[in-house]
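Undergrad: Here are the chains, one letter per residue:
Number of protein chains: 2
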Amino acid sequence: MINHNYCVILAGGGGSRFWPVSRENRPKQFLDLTTSGKSLLRMTYDRMSRIIPAENILVVTIDKYADLIRKEIPELEDRNLLLEPFGKHTAPSIAFASYKLLRRDPEAVMISTPADHVIENVHLFEQTIENALDYAADKNVLITLGIVPTSAEANFGYIQMADSEIRMGEPVKVKTFTEKPDAELADVFFKSGEFLWNSGIFIWKVEAIKNALETLAPEVTCLWKGWDRILNTEGERKFLEKIYSDSPTLSIDYAVMEKSDNVWVYPASFKWADIINWDSFCEYASKADKDGNVLKINGKQIIKKTGDTIVYSGGKDKLIAIKGLKDFIVIDTDDVLMICPKDDKSFSDFNSELAMPEFEKYR
Amino acid sequence: MINHNYCVILAGGGGSRFWPVSRENRPKQFLDLTTSGKSLLRMTYDRMSRIIPAENILVVTIDKYADLIRKEIPELEDRNLLLEPFGKHTAPSIAFASYKLLRRDPEAVMISTPADHVIENVHLFEQTIENALDYAADKNVLITLGIVPTSAEANFGYIQMADSEIRMGEPVKVKTFTEKPDAELADVFFKSGEFLWNSGIFIWKVEAIKNALETLAPEVTCLWKGWDRILNTEGERKFLEKIYSDSPTLSIDYAVMEKSDNVWVYPASFKWADIINWDSFCEYASKADKDGNVLKINGKQIIKKTGDTIVYSGGKDKLIAIKGLKDFIVIDTDDVLMICPKDDKSFSDFNSELAMPEFEKYR
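So the protein lines, in turn, are chains A and B. In terms of my numbering, the first sequence opens at residue 1 and continues consecutively. In terms of my numbering, the second sequence opens at residue 1001 and continues consecutively.
Hint data in this document are derived by calculation from the structure and do not stem from the laboratory. Backbone N, C-alpha and C fix where the C-beta goes; we use that ideal spot for every residue, glycine too. Hints are supplied without guarantee of correctness; some may be wrong.
[Unchecked claim] What follows is a set of in silico ranges between Cβ atoms, one per label pair, in the way DEER data are often shown: (1) B:Lys1326 <-> A:Arg70: 41 to 49 Å; (2) A:Ser36 <-> B:Ser1151: 38 to 46 Å; (3) A:Glu241 <-> B:Glu1360: 36 to 44 Å; (4) A:Asp334 <-> B:Ser1164: 52 to 60 Å; (5) A:Asp291 <-> B:Asp1308: 24 to 32 Å.
[Unchecked claim] In silico lysine to aspartate or glutamate, EDC-like type, Cα no more than 16 Å apart, as pairs: (6) B:Lys1064 <-> B:Glu1126; (7) B:Lys1323 <-> A:Asp228; (8) A:Lys316 <-> B:Asp1334; (9) B:Lys1071 <-> B:Asp1046; (10) A:Lys326 <-> B:Asp1046; (11) A:Lys304 <-> B:Glu1353; (12) A:Lys323 <-> B:Asp1343; (13) A:Lys210 <-> A:Asp228.
[What the hints assert, rightly or not] If you want the footprint, here are the derived chain B segments under chain A, 3+ residues with CB under 8 Å: (14) 1305-1319; (15) 1322-1328.
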């Protein structure tokens, strides 16, 4: 029996908010932020492999990360690695994956997931996904997973449900998508019980998202005219270069989800986190010691008279000996040592200097 | 014409007051503390090579540093590397070197110098040494170099002159040697004009120091009975093992210099420093930037909002990005990162932990 379920991992994002651990050439999805021994990308792939057959898992990324992807997922078939010439955010990536999948399997049902989120309680996750896949295969709807919030987090987007009574395992119609709220509004959202965190994990029939994109984001899809002739031929690369060079930069949330009246959300309560910066790293880790320190140290450590400090060190053989720091961040990598106060970690000073040619290799 | 001048570099000292840069297996003399690209030992050797022919320069050290010595001074002849089975301070080392030299050249005149001091104004240094060598060859005296003090330094030993009128280039009789004074006494010494810093650099006929040792430190030299038969034979190693196992631990200052009434000092004004810990490292460096930072960083640096802080990093390719530290010491080596307040850098906490087996490799 043919398995029509596919997973598309979006792994083209950049960003260096975890500098100096993340870099332009090694963004967050390639990092082992949870110090599990696996990168977030690899953890995403492994998690999806429990639900979707490996030959049906695709990764979309940009050219410059191709080698990193192959290193992280050596078993990935070439046809399952979709390379974008430039990054133009998620709407073009999902259009690309959708057209590719339609060439392969017109009945395809697809899960789209970021490569850089942390998910625990994998069993609950699987259950939710399986429910959603069944629902999506059956109906022409767009489905998103919404996480039942555990705090008034201002760093995540929110989804408002049309019906505030949550029945786990059953989809609820979506009323609105909202961008990251301010702290006050986040508090209102949290207390109302009508809002879920937007996980960025979507499930839909490929035909359904293609139609939604063509209807709601024609400025993206008009560029793809002729895809059914050109994809998977020698002309594909040139075709993509033209599309990506002309395409607007657009997120799938903005292009489709916020506009469609056909979106359903599956409330879910597995532990989910988008670790977006060292602050949320701290919150996620939440295994602070009695002094409030969050220590992710691969080697040995002697930490004295130090409180509310994050220490991250990748070196297996390195001893970290720290005394007398309060509210600091200490990050030690092969080629950068960064020490700065927690409340002054925009690194804007560093970044302006890092823009200088002599610092290029550290960006 | 035979050159009877020899230099003996004492390079067997241990200590880890520069931990984590210095280690039990890599003490100060092997470090490039001045970031000149050369270790203090190598700088000492190069400095002496300008005065003494290479074949007349000896190094005394303990077994476990033999390889480090050979690495630093690959051209050192085997017969010029004197290996002590254990470290028993400087009196036994100088006895050893003296007996060895007497076998080689009964007319030998010897300079004895620590391996781990910093000396600048090399031309002045050479002049002083040459004057002292001439004087020592001519008379049966023990000579030391005394540095005209530039501050009331409490970390150095002092030499009181019998005559407080300094005539550069001429020796003055020594009245007393004193150990490191307290701050108040150091101030009295400094202001009196009668005191010089004890450089630990000595010049004497080998016959003269041998006689002085045999008279003033018989507890050391009695162990060497038979040296003239046994040294340079197959029995030497066993002979040394017995001597060093039985020998008291004794400095040449205590054993001879403080007791002899035959000691003369050459006042000298070359820049000299015994960098004994990170504090004196700071004083020596004294090239603090406008914020009072002393930065010895081999790679690149971005230092912001940071003051009165020492940063030492050995990595050529490592970027050091620091913000918001005040009165700290940051030391980054291949296998240790140490961060601690300047006024809490005894590392006694660290050291007690370092005594644990799991930290052995970092000691």
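Undergrad: Given a hinted range of 41 to 49 Å, is it respected by the beta-carbon distance of B:Lys1326 and A:Arg70?
TA: Taking Cβ atoms as reference, B:Lys1326 and A:Arg70 lie about 46 Å apart, which means the hint holds.
Undergrad: Just tell me: holds or violated, for the beta carbon distance of A:Asp291 and B:Asp1308 against 24 to 32 Å?
TA: holds (25 Å)
Undergrad: With a cut-off of 16 Å on the C-alpha distance, tell me whether B:Lys1064 and B:Glu1126 pass.
TA: Violated - the C-alpha atoms of B:Glu1126 and B:Lys1064 are around 31 Å apart, more than 16 Å.
Undergrad: Within 52 to 60 Å: is that where the Cβ-Cβ distance between A:Asp334 and B:Ser1164 falls?
TA: At 58 Å between Cβs, range holds.
Undergrad: Given the hint of 36 to 44 Å, is the C-beta distance from A:Glu241 to B:Glu1360 inside that range or not?
TA: The hinted range 36 to 44 Å is violated for A:Glu241 and B:Glu1360, with Cβ atoms some 58 Å apart.
Undergrad: Does the Cβ distance between A:Ser36 and B:Ser1151 fall inside 38 to 46 Å?
TA: violated (55 Å)
Undergrad: Would you mind confirming whether the straight-line C-alpha gap from B:Lys1323 to A:Asp228 stays at or under 16 Å?
TA: violated (55 Å)
Undergrad: Is A:Lys326 within 16 Å of B:Asp1046, Cα to Cα?
TA: With a Cα-Cα distance of about 45 Å, the restraint between A:Lys326 and B:Asp1046 is violated, given a limit of 16 Å.
Undergrad: Is A:Lys323 within 16 Å of B:Asp1343, Cα to Cα?
TA: OK: A:Lys323 and B:Asp1343 at ~11 Å, within 16 Å.
Undergrad: Just to make sure I understand the rule, a stretch counts as covered if three or more of its residues have a C-beta closer than 8 Å to a C-beta of the chain. Does the stretch 1322-1328 of chain B meet that for chain A?
TA: Coverage by chain A holds here, the residue count being 5 at a Cβ distance below 8 Å.
Undergrad: Within 16 Å, alpha carbon to alpha carbon, are B:Lys1071 and B:Asp1046?
TA: holds (14 Å)
Undergrad: Below or equal to 16 Å on CA atoms is what counts here, so check A:Lys210 against A:Asp228.
TA: holds (13 Å)
The structure is inconsistent with the numbered hints 2, 3, 6, 7, 10, although it conforms to all the rest.
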